[in-house]
Amino acid sequence: MSTTTTVSDRTPAPQLSGRLTAAKLPRWAPAGVAVLSIAVGCVIGAGAGLASHIQWGLISALLFVVLSFGLSAKVEGVRQAKDRLATSLIWVAFILAVVPLVSLVVYTVQQGAGVVDGNFLNHSMRGVLQSGPGGGIYHALLGTLQQVGLATAIAAPIGLLTAVYLVEYGRGRLAKTVTFFVDVMTGVPSIVAGLFVLSVWILGLGFTYSGFAGSLALAILMMPVVVRSTEEMLRLVPNELREASYALGVPKWKTILRVVIPTAIGGITTGVMLAVARITGETAPVMMLVFVSDSINPDPFNGPQMNLPVYIWQQYSQVNNSFGYARAWGAALVLIAFVMALNLVARGIARWRSPKAGN
Amino acid sequence: MAKRIDVSGLSAFYGGTKAIEDISMTIEPRSVTAFIGPSGCGKSTFLRTLNRMHEVIPGARVEGKVLLDDENLYGPGVDPVAVRRTVGMVFQRPNPFPTMSIYDNVAAGLKLAGVKKKSVLDGIVEQSLKGANLWKEVHNRLNKPGAGLSGGQQQRLCIARAIAVQPEVLLMDEPCSALDPISTLAIEDLIGELKSRFTIVIVTHNMQQAARVSDRTAFFNLAGVGQPGKLIELDDTQRIFSNPSVQATEDYISGRFG
Amino acid sequence: MTSAPPDHPGDRTPASTTPPGQPSTSLRGTGRLGDVLFRLASSGSGVLLLVIMAAIAGFLLYRSGMALSQDKTNFLTTFEWDPDNIVKPSFGIAVLAFGTIVSAAIAMAIAVPIAIGIALFISHYAPRRIAQPFAYLVDLLAAVPSIVYGLWGALYLVPHMAGLNDWLDHYLGWTYVFKVSQHGAPARNLFTVGILLAIMVLPIITAVSREVFRQVPRMHEEAALALGATRWEMVRTAVLPFGRPGIISASMLGLGRALGETIAVATVLSANSKLSLHLLDAGGGTFAQNIALKFGEAGKPGMNALMASGLVLFVITLLVNGGARLIIARRKEYSGANA
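Residue numbers (this note's numbering), protein chains in the order written: chain P, 1 to 359; chain S, 1 to 258; chain R, 1 to 339.
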């Protein structure tokens, strides 16, 4: 395109068809193709004697994608066919994802529902044969609540203050460094946090295994999550609010405590609760630090405790013990219910108290 | 190129609410038709029904007919994708694809339509950028991101992108409202040049602009508070601005409301 | 992900910038001490975080140094893990590194395309009545604890993988990778681990990419549509390029989780110290799984050796996160923020 003269005369218009109408598959076509594919998939599956229904499904899905692409390419042209291909692949992705995720929840409920009862919730494993029936999760439940509570008591203030620092005070190299390492810290594998506390607190300083040791590791995992979410919320607080407060002669720290944080408190609470939900499910670091106990130990600072995820792991680890498996499923159901409830409440709060003047 | 548009009995809805009601008009080829009217009177909505962009919004639908040289855009078997290539559109805020270079922005529509030959693309890109009066400013940085241009340049880039697919009609939805006066002038000059090749429809808030660039002007107004928008009158721009036949038009133009 | 707006609103305030000058005491006075204390407390917390990070790195390094000085074999190439052997302590990360990388790679290969598909499904394809609750469901699933995934993986997924394993062996056995040598053994192998990890990281990758896809300005999508793009072409020209940095950072987030996942791997994998490309045969191991399994019976040298492997895992996740950050930073000029 170096020459500039009369390009318009030289360049032939490309063949863009001027037609507005295009052959189109009828509206029911996708549904029809889907039914056909499933039918053929089942026939092939049954005919070839494939045992797993997952394979039947996969064959049907594949048939559906290929058939609709072919049909559309034939009738509507390649561009439309590609569009349909993308659409059907996206639907297949959706179904592929739903199946295992739903199966996980349904299976846990199925297996666990029969196990969870009053007895299960308010008894420990003290004096219960691991290979026999009975026993419960009370000691683990208590341990989890204490450890998570302690971890939150440590991590939430530190995380909150760090976020305040980043948003309200931070600039220059220190703030950049903190921001960077908060990101890095988010990616620290939980087992590494556990190893760290193990090497410092127990091997280095000579403390014993205890619930508190587990809380330390959980706090390390929780801090960056709290910082991130709180930071985001504080940044949503409009600057005009701060300035209005300064204009009234309120000092900065009081402005932050009385104006900024209360405005963002809904979002901050949500963030903290989501972080709590996340550490509640942590197994590996706690397993290394609280040890294992079958009895109720109400003192998190002294001696081994139990914890729900660790309990599940312990019950699962006795290979081929149906009573152990049953207790594991029961505990898993309780754990999921607890975490989900935390999530639901947290999101409810977020919706209820979201800062509406965000922009 | 350039086709006549015949609209008859057209209404458009957002979910349950009717936004415009029973609009009929004829838009002449190779001319500029301006839509004016108070905010919310449905002129942009109406514009978007002319290339079937209205129905992109979830829950939106259209009743009535839009004939493009005797072919109904809403007829059975009509492919909205083909309609949108035939009826190009320029938006209120310049919206070049942020991840694409200037060249790729202009070539985007052609590439979608399956034009692959580099020489053909080169030619059309140059021709379109020249058509949009942008070639001189960008010819030595075609591979830079389009988002790096100034607002007015970005809008001309969007015009170049729209005319590159060689549409019959060019719809412009308040193309200058986000621009400074100098860029606005550049676009208005450009509209004057483009009308020899395209049927141009422009929505504008600015009555002087309508008076400056358009051959014919349509005035839209709400039938009442909470009522759908309606076409009040369509006439030669000169007559609309000097001697409109409807009182409401005169009130609006003389600034008595709106 | 948060591209850190360098705008720190609080700093433009009189309290922090303008010294009150000389005037009367009534203008200095109240709140000064409070300001100083509060500022110290908040920056102190920031510094504390840095100290913790430094301590983690420092302690792991220190312990690893002790461990490596005792290792009688090459730490990088040795297969077995026997640090507590008094006669000849020998341990290496070859098997663990292989297992970690392979299982994470399988997970990413499966999860990323599917997650992008679901994210698009929610943001652009699904009818709104389905999209909203489904997005909510995905968010909830991101919160399911890994031990539950592990339990489900071991007791439900593993038996159900038998059919697929046989099928892969039958039709793709010639590829070596999918050859099964111990027929009938439960599928406690790296392939199953990879699939389980894929299911686990799917919600988080989906959630993040979905948010990015939602933020694609409507005007870019309309620009594509107005040029005569089909829906897929609109996604390809407007949505995916805009969302690419987000997809990358979401994937890296998922990758970090997959690399560091401990308990779900430990429940599913039947580990040993063999390095085998037969992904469908039980065996192998990952860093995190090895630590979880061995720390209980480890003596002092054993513990140090585990710390050394933990350090390697730590460094790998650091690199992954840093890489994601770099990619995003480099793409910033295209972020469309000024459009």
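Hints are computed from structural coordinates only; laboratory data are not their basis. Note that the coordinates shown come from a computational prediction; the quantities given were computed from them, not determined experimentally. Please note: incorrect hints may appear among the correct ones.
[As the list claims (entries may be wrong)] Computed from the model, here is a short list of chain R residues facing chain S with C-beta under 8 Å:
1. Asp-169
2. Ala-223
3. Leu-225
4. Ala-226
5. Thr-230
6. Thr-237
7. Ala-238
[As the list claims (entries may be wrong)] List time: in silico SDA-like cross-link candidates among lysine to any residue, alpha-carbon distance up to 20 Å:
8. R:Lys-88 / R:Pro-301
9. S:Lys-144 / S:Ser-101
10. S:Lys-116 / P:Gly-206
11. R:Lys-300 / P:Gly-206
12. P:Lys-254 / P:Arg-235
13. S:Lys-116 / P:Lys-24
14. P:Lys-24 / S:Gly-77
15. R:Lys-294 / P:Val-200
16. S:Lys-144 / R:Pro-241
17. S:Lys-136 / S:Ser-177
All C-beta atoms in this analysis are idealised placements derived from N, C-alpha and C, irrespective of residue type, glycine included.
query: If you take the shortest Cβ to Cβ gap from Asp-169 (chain R) to chain S, is it below 8 Å?
result: Since chain S brings no Cβ nearer than about 43 Å to Asp-169 (chain R), farther than 8 Å, the hint is violated.
- prompt: Does the interface hint hold: is Ala-223 (chain R) within less than 8 Å of chain S, judged Cβ to Cβ?
  reply: holds (5 Å)
- prompt: Taken at face value, is the distance from the CA of Arg-235 (chain P) to the CA of Lys-254 (chain P) at most 20 Å?
  reply: Holds. Lys-254 (chain P) to Arg-235 (chain P) sits at ~17 Å (cutoff 20 Å).
- prompt: Is the hint on Thr-230 (chain R) kept, meaning its closest Cβ partner in chain S is under 8 Å away?
  reply: holds (5 Å)
- prompt: For the pair supplied as a hint, Lys-116 (chain S) and Gly-206 (chain P), is the alpha-carbon distance within the 20 Å limit?
  reply: violated (72 Å)
Given hint Ser-101 (chain S) paired with Lys-144 (chain S) - CA-CA distance at most 20 Å: holds (5 Å)
task: For the pair we were handed, Lys-88 (chain R) and Pro-301 (chain R), check the Cα-Cα distance against 20 Å.
output: holds (12 Å)
task: Verify the interface restraint on Thr-237 (chain R): the C-beta must sit less than 8 Å from at least one C-beta of chain S.
output: For Thr-237 (chain R), the interface hint holds, since the closest Cβ of chain S sits about 6 Å away, which is under 8 Å.
field: Lys-294 (chain R) paired with Val-200 (chain P) [C-alpha distance capped at 20 Å]
entry: holds (19 Å)
field: Holds or violated: Lys-24 (chain P) to Gly-77 (chain S), with C-alpha atoms at most 20 Å apart
entry: holds (6 Å)
Interface hint compliance - Leu-225 (chain R) to chain S, C-beta minimum distance less than 8 Å: holds (6 Å)
query: Holds or violated: Ala-226 (chain R) as interface residue toward chain S, Cβ cutoff 8 Å?
result: holds (4 Å)
In this structure, the earlier hints numbered 1, 10, 13, 17 are contradicted, and the remaining ones agree with it.
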